[in-house]
Structure formats: C-alpha cells, structure tokens
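Model the full assembly from the supplied sequences, consistent with the hints where possible.
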Amino acid sequence: MLLEITDLKKSYIGPDGRIEVLRGIDLSIDSGQTLALTGESGSGKSTLLHLVGGLDEADEGRIAIDGTDITGLDDAGRAALRRETVSIVFQQFNLIPSLDVAANIAFQARLAGKHDAARAQALADALGLADQLGKYPEDLSGGQQQRVAIARTLAAKPRLVLADEPTGNLDEATAANVLEQMLALVAETGAALMMATHSPGLAARLDTRVHLSLGRLA
Amino acid sequence: MNRAALVAFWSFWRRNPLQLFTLVAGLALATALWSGVQALNAEARASYDAAASVLGEGRYDQVVPRAGESFSQDLYLDLRRNGWQAGPVLEGQFTAGATRLRLVGIDPLTAPAGLGPVSRAGDTALQDMVTAGVIFAHPDVAEALRDAVSQTVVADSGLPPDTALTDIGAAQRLLDRPDEISRLVLSETQPMGRAPLDEVAPDLVLQPSQQSADIAQLTDSFHLNLTAFGMLSFAVGIFIVHGAIGLAFEQRRGMVRTLRTLGLPLRRLIGLMVLELLILALVAGGIGVVLGYMIAASLLPDVAATLEGLYGAQISGALNLNPSWWMSSLAIALLGTALAAGGALWRIARMPVLASGKARAWAVDSGRLRGLQGGAVAVLLAGSAVLIVLGDGLIAGFAGLACLLIGAALGLPLILDVTLSLAQRRARGVRWQWFWADTRQQLPGLRLALMALLLAMAANVGVSTMVSSFRLTFIGFLDQRLTSELYVGVKTEDEATRLQQFAGPRTDAILPLLSVDTRLADQPTQLFGARVGPSYSDNWTFIARDGPVWDRVERGEAVIINEQLARRADLWPGDSLDLTPDVTLPIAGVVGDYGNPEGQAVIGETLFRNLHPSFTATRFGLRSDTPEALRAALVDEFGLDPGQITDQAGLKRFSLDVFERTFTVTGALNILTLAVAGFAMLMSLLTIAGMRVPQLAPAWALGITRSELGRLELLRAVILAALSLLVALPLGLALAWMLLAVINVEAFGWRLPMYLFPLDYARLSAFALLAALLAALWPARRLARTPAAHLLKVFANAN
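Protein sequence lines, in the order shown, are assigned to chains A and B. What the first sequence shows, in numbering that gives the first Met the number 0, is residues 0 to 217, in sequence order. What the second sequence shows, in numbering that gives the first Met the number 0, is residues 0 to 798, in sequence order.
Treat each hint with caution, since some may be false.
[What the hints assert, rightly or not] Incomplete in silico selection of chain B near chain A, CB under 7 angstroms: (1) Met0; (2) Ala3; (3) Ala7; (4) Ser10; (5) Phe11; (6) Arg14; (7) Met254; (8) Thr257; (9) Thr260; (10) Leu261; (11) Gly262; (12) Pro264; (13) Leu265; (14) Val352; (15) Leu353.
[What the hints assert, rightly or not] Derived CB-CB ranges, DEER-like: (16) Glu137(A) with Ser706(B): 19 to 29 angstroms; (17) Gly341(B) with Ala116(A): 35 to 45 angstroms; (18) Gly341(B) with Glu137(A): 24 to 34 angstroms; (19) Pro322(B) with Asp58(A): 53 to 63 angstroms; (20) Ala129(A) with Gln694(B): 34 to 44 angstroms; (21) Ala117(A) with Ala787(B): 36 to 46 angstroms; (22) Gln694(B) with Ala116(A): 36 to 46 angstroms; (23) Glu137(A) with Arg425(B): 33 to 43 angstroms; (24) Arg780(B) with Lys113(A): 40 to 50 angstroms; (25) Pro322(B) with Ala129(A): 49 to 59 angstroms.
These aren't lab readings, by the way, just hints derived from the structure by calculation. On a predicted model such as this, the values are computed, not experimentally measured, just so you know. Glycine included, C-beta positions come from ideal geometry on N, C-alpha and C.
This is how it looks when you write it as structure tokens:
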C-alpha cells in the first residue's frame, strides 16, 4: 500500500476555542489509484491533504507512505518528502511569477535533482503549453496556469499526487479539460492521486470517492 | 537544489530590476558616504601619527626662543656643556621649483630615541643621513626635491605630508641659515644638578610637552563631527536598503511558500537567502568603496585646509588608503545589509509554510506595531532629554542627538497617520475621502523614504542654522578682535624698537601682540598682555563680566579669560586665577572666542611685562585712519618688506575663507544626504507604483480617469513631503540648538548664540517640495499611461 492513514486527528485553536478538524481518519491508497475527497467547506479536506503532504503536523495518528511513518519527520525530512515522493497541485496554482513557463515546469524536478528536459517538453506538449514556454505566469489564463502547475508536479515524477481543488478557479469546460489531462498523465506515470473537490461530477471520474463530514469519513 | 533555488531568487531581481537597482544603489551610497568620511579621518590620523612619531611633535619637552624663530647654535653648545641632553632641530620653508615644503633638520645622534630615523638606528639610512646628507621626504614632495638638490632624496611615506627630513647641517646649508637652531628637543631623562636654563640661556624658554597640544586630541571633535555626518548619511542609505529588502521579501512570500511546498527545507532556504544578500552586499559595497574613495578624494583638499586653518595640523593632500580601509568599508556594507535585512529574514524564517503567499497589507502590519512604535518614540525622546540635561561629554551629546533624530523619524509615520485620518474625516466629497484614505494606505510603503527625507531635511535645517549662526557670530567676533587697520611683524628686537619709534607719530595707537604659551588652571593657555585702550574697551563684548573690566585689567588687578578656559576650568567672574605661584587675580570678564580651541587669558601690558620681562613683541597692531598711507610709509621710509604687513581686510578675508572652507565638507555631506533622501523617495514611489495598479483599478473602474489618478499621485507625494517638512523644521531647529548649545560647547568649548534664517528655510522647503514633485513625476506619468488592459487584468485575475 502506498499511503496508509490510521486514526489521524488534527485540531486548531480558533477564536471560539479548540476546533477539531479531523477526528480520526483511516484511509489507504495504492499506487496508480485515484481517490476523490469530497465534503463541504471546512470539512477538513485541505487539512488532510496538508498533513499527507507534510505541510502540517498531526496531533495524533499515523501517516505511512511506502511503510514509512511521516508524522515524526522534522522540517528537512518533510521537505525531502515533498521534493521526492509527494507533489501537490494547489487551487491557487502557486507558480513562481518571476520564472517563465519552461522554468516553472522544470523547477520541482530540478530541486529534486530529477530534471529530464525531454519529459518536461513532452508534458508541455501534452498539456498544450508548447507555445507558451517563454511566457510568464502573469501572461497566462487561469486554465493555462493550472496546466503549468500540473506539468510541474508530474515532471518531478512523484509517487503520490495531492490536488487541492485544482480546478476550483476554472470555468466548467476548462476544469473538465484540465482534469482529463491530469488523470491521463497520472495514469501514465503510475502515480496515485488524491484530489479534494466540491464537484460531484469531477469526483465521479476518479476510482474511489470518500466523503468527509465534520472531520470524519462518511 | 541550491542552483534551482538561487535561479528562482535571481529571477525575481531580473524581473524587478528597479528594486535591484534601489537596493544596490542605496547600499552603495550608504557605504560610499560612510567609507568616504572614514577615509578622510584615516588619512588625517595617519598624518598626525607621522608628525608625532617622526618629528616628535607634542611628545617631548622643548626649548624654544623667547622671541623670534631661531637662536644661535652657540647657545645649544652651552647647554650641552652644562649637562642638558637635547637634540637640535632647525625648521624652515624650502622652495623646490614650484613646490614649497617644510624642511626639518635634526641631529640623529643626539635626538631623543624614537625621533626621526633614529628609531631605525643601525640602518644604513642613518649613516647616509649624517655623512652624505641624504634627505628623507614625503612622496608628494620627493620628486620636486630631487630636481632641486644634489643630495640623494629618499621617498618615505612615514613622514608628515609636505615635509622633508635631513641632518641639521644639511638643512642649515639648504635653508641658508648657518649656525641657526629653531628649537631643542629634550631627552626624557636629564642629569640631576644641571645648570638652570635661565642661567645658561636666558633668551630660551622651556616648553613642556603638554603645551605642544596633541594635534590628534585637538582635532578629535572635528573628526567626530565628520563621523556623525557619515553615520547620518549611512543611516539614510540604510533606510533605502531596508525599504528595498523589506518590499522584495514581502513580494517574495509567495515564492518562498511555493519553494517550501515543493520541498526546499527552511534552513536551506534561509541560508540561500543570506548567500544572495551577501553577494549583493559585496557588489554594492565594492561600488560604494570606489564611490567613497572618489568622495574622499574630492573633499580631502578642503578637509586639509580646514585642519591646517583651524588647528595648524598638516595632512596629506592625496589619499593613501590601506587594505584595512577597504576591508572595513566592505564590512560596514555587510553590517548595513544585515541591519536592513535582519527583520525581513526573521519574518521569513518564522513564516509558516501554509501562510498566505500574498504580500501582506503593510497597513495592517504597521497598525499592529503602532503601539510599540509609539512607545519606542516616547522612550527615545525621553532618553534624548535625559542625555542632554544630565549627560556629560561629546559622546553623550551625540547620543542625545541620535535619540532625538531616531525618535522623531519613528514618530513621523504616527504623526502622518493621525493627520491623514483627520483629513479623511473632514474631507467633503467621496473623491477626496478616497484620496485621503488611499494616501493613508500608502504610508507603510513610503514611511522609510519619508523618514529618510525627514532626517535629511532636519539635518539640513539644523546644520545650516548652526553654520549661519556661527558665521554671523564669527564675523562679529572678527570685527571685535581685528580692530587694528594694519598688522606688522618684525624679525628682531631692535627692529621692533625702531618700528615703535617710527610708527608712534604716524598712528592713533600701537598695540603690541604680547603672548606666551603657558598653563593656567591646569589647562594649556595662551596668556596675552593688552595695551588697554579704546581698541579693546570699545569693541570687546563679554558673555559674563564683573564691574569695570578694562580699568581693572589695565591696573593689573584683574584678568579676562575666554569662554573655552572658563568652561573647562569652571572659572567665572568673581573666581580667582593663579597666573604664577605668586600672582593671583580675580576674573573680571569672560569673552566669547571663536578663533581657536585653546584657553586664553588677557592681562594688562604692564603686568605681562613684569611677569615676562624678557619677552619682546615682534608683532604689532597699528591703528590708523589712513592705513594705505601708513603702509606706504612703512615700506618706503622704514624699509619693511610688504610681506611683513597684513591689512585688516586681508586678515578678515583669510579668516572667513578658512571658516567657509571649514564648512565646505559639512555642506557637501549635507547636500549628499539630501540627495540620497530624494533618491529614496523616487525609488519608493517607483517601486510602489508597480503595486498600485490593483489599488487604483477599482477607482478607475468607478470613473476616475487615468490622468486624474496620475495627478492625484503627484499631489499625494507633495502633500506627504510637505507634512514631513512641517515636522522637519522644528526638528531641525532642535538639532541646531543641540549643535550650538551642547555639541559645540563639548567639542570646542564655546557656546554660540542661535539665529533664525526664515528665508533659508523657505528656500529649503521649496527645494524639498520640488524634489518630491520631481520624484513623483515619473511614477505618476507611468501610472497615468497604464494601458486599460493592465487595469482590466486586475479584475480578470481577481481569483
């Protein structure tokens, strides 16, 4: 099993006291599997993705990736996890505005020391970005920016792709198109995908769907 | 990984060249002004050290003639025979082609250890100096000397500037002064029971080493003033760097978050950012060092003139910098960068990986800090008051000044915020309400530039008030002191007697200039003997007096002292001053004295001659209603060389020239500081202009035209500069008061009256507003010409 989550709990201190965001999550994904995480706003979808991506620390529970528990990792260990094993696609794209499209696509692979120019070019071609490589993020539409973010993620050859509302900023047609391309490329690389989404339509296109409500899987 | 991250960092600067330029230029300017001042100080100090170590100036007791410039070699031989351990020195001006230099002759065999090349005893140079008359010369005059003399000339940078050193025999030949000696330098150990000086050589007097004022000590205050200005300029430059780095780091928060989410560890990220700043600091520091060298080289002649005019200290006219100066200048650039970037790096280091990637609204940030800032302002201003009232010494004075300036600078954003908030509340019409609210929103981004502008303007007001007050006082002082129409110098006692007989019937009064260097109230002091008359009593004004001052002085019943001596020894009218172990006089008056840093005391002529019976006046002031006729008579009939006569106007011109040159350096640094502040304003406005589009797009969409937005940007810059100016004026006057009443008293021993110069302030205000207008012109024009597509993109990307 690529990812195994056991009794995961997370809470925050808010203005009105402690908020229990995740109240004991058990979940697993195998390589090549795609999983849709649905739930209303505030249900804990993003928190779960952040914990799996090593962006945040759990209060209790275990997250094992390839059998290794990542909850005890320090900052450098979690950074290495994000660099080499897990990659995240954000709703806000998170591109580096001062780098052009080509440099953005290659960036994470370069950080991980896995840059493959041919693969980066192939991804750009596949995502319809071949004629945009010299442009900067500010010159691109939202859909194009998200495709750059997806290309960047897949160019780094992660074992697990985490996507947090990746099409949340896109119109319906563009969203469908971007998701189609992402699923095809994820399938091609054999990585697993865990995607948070509000859209039942998009969720329906993934292998598995789990619904998160009030911090628990329904 | 490192390379990829550094490429990302560099890409930011490549896409924002203006910010890169601001950072590098700010740091380079800060380093340049600081290192330039340090170069000047280092050069001067090296010259003082050379004078002290090679010529023994100020280090040893000396025997000098009571009158005149030299004495016979026979007197020296008499003293040697009577057990005095002394080395003879002959000094004179030597002309080598077009170069005039100071030629010093010593006897290396009898000079005290450590003087001249004696410290290199055993060296062949010593032997050559004695046997072959080899001349050691400062490199700046060595070449000219080689062409003018037959002896070997060795360039030696260890000598004071414009100075050459050789054996006394060679010097006597070159100066054509056979058997003459200027002074004797006494060894530190003298045999017991040697014959008293008065008996062996009554025409010579002992001058203790303490009386030869230590030049380095005397000039410390001047260098401290320069350093303070250098520091102010450096601070203004660092404001720019702080602004540039702060803004860049704010704008890169998104990048930082992305880098971390993509797997760059925080420590590595911070390390790479430090490396990036280190590289930028070294580049900017290198540029700054070169600029600093150029600034120092251009100011050095004026500094040299100032130091020579004020203190008689000779410093080299050419910069001679050593590696430690380069290294320390680069170190200050690194320190400045660390100061400017420390906070930004700290915030990045503490930023959670999931923090918002958007640049935070600075207004919110500054709002949180407002209370803290207000507290800091209160503490600094209170600290300044405490230091001024209770502090003692120059350092305390400068610390008080620094607290006042920093406190006021930190207080400026708070004052502006309150003022703009008031304007917003009182504004009529939605457009003006928006304008004031928008101006308030710009404050956090502009505050550093405005603080720099405030400091520069306040420094300008303060220093120009101080200099102009000083000038007015100094001119009054010259009128008071230089009452004689002609001043005449003679060479011998006999000539002095004949001059008085000749001039007596042709003048209204002859005023002999009687003075000896002595120590009074444990202070090095010049004691003057005055021939009391209307020249003194009608002109001299006292800052404190007790009864009919001049009558008492003429009768030998009282003494007048200058302000320097009064303050240093805490002696005021009514107190007594011991002139000799047997003669003690009450102090009748204290006079302001703005011509020298030393103590002075004035007694009546008769008493002076009783105390110093062998002193002969060789300089005289001559009062006459027809000075030109008198001058002609002195030259044509008496046979004086015209060079021996100086007229009052010439002397005043010379003194004022020295005065003006003294403040040339200050003036230049003042203007540079103001220029740096103007540059800070321009760069801040340009940088902010790029971030303004999202703020202005809604206003544009709601019906304000782009050209109107541009005009409002101009108006905003002028209003902010005007408000800063309103704070700068009182701050500048406070600064002037502190310079005149605290710093000058500590540095020079005198307190100057403060005058106000409204026209000067009006001119400065106009310049400052014009500078703000010019600084805003380019960014406003860019804004007014922003394509509509760019403004529309704000709404398209609002996601």
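Kindly indicate which numbered hints from before are broken by the structure, ordering the numbers from low to high.
No hint contradicted; all consistent.
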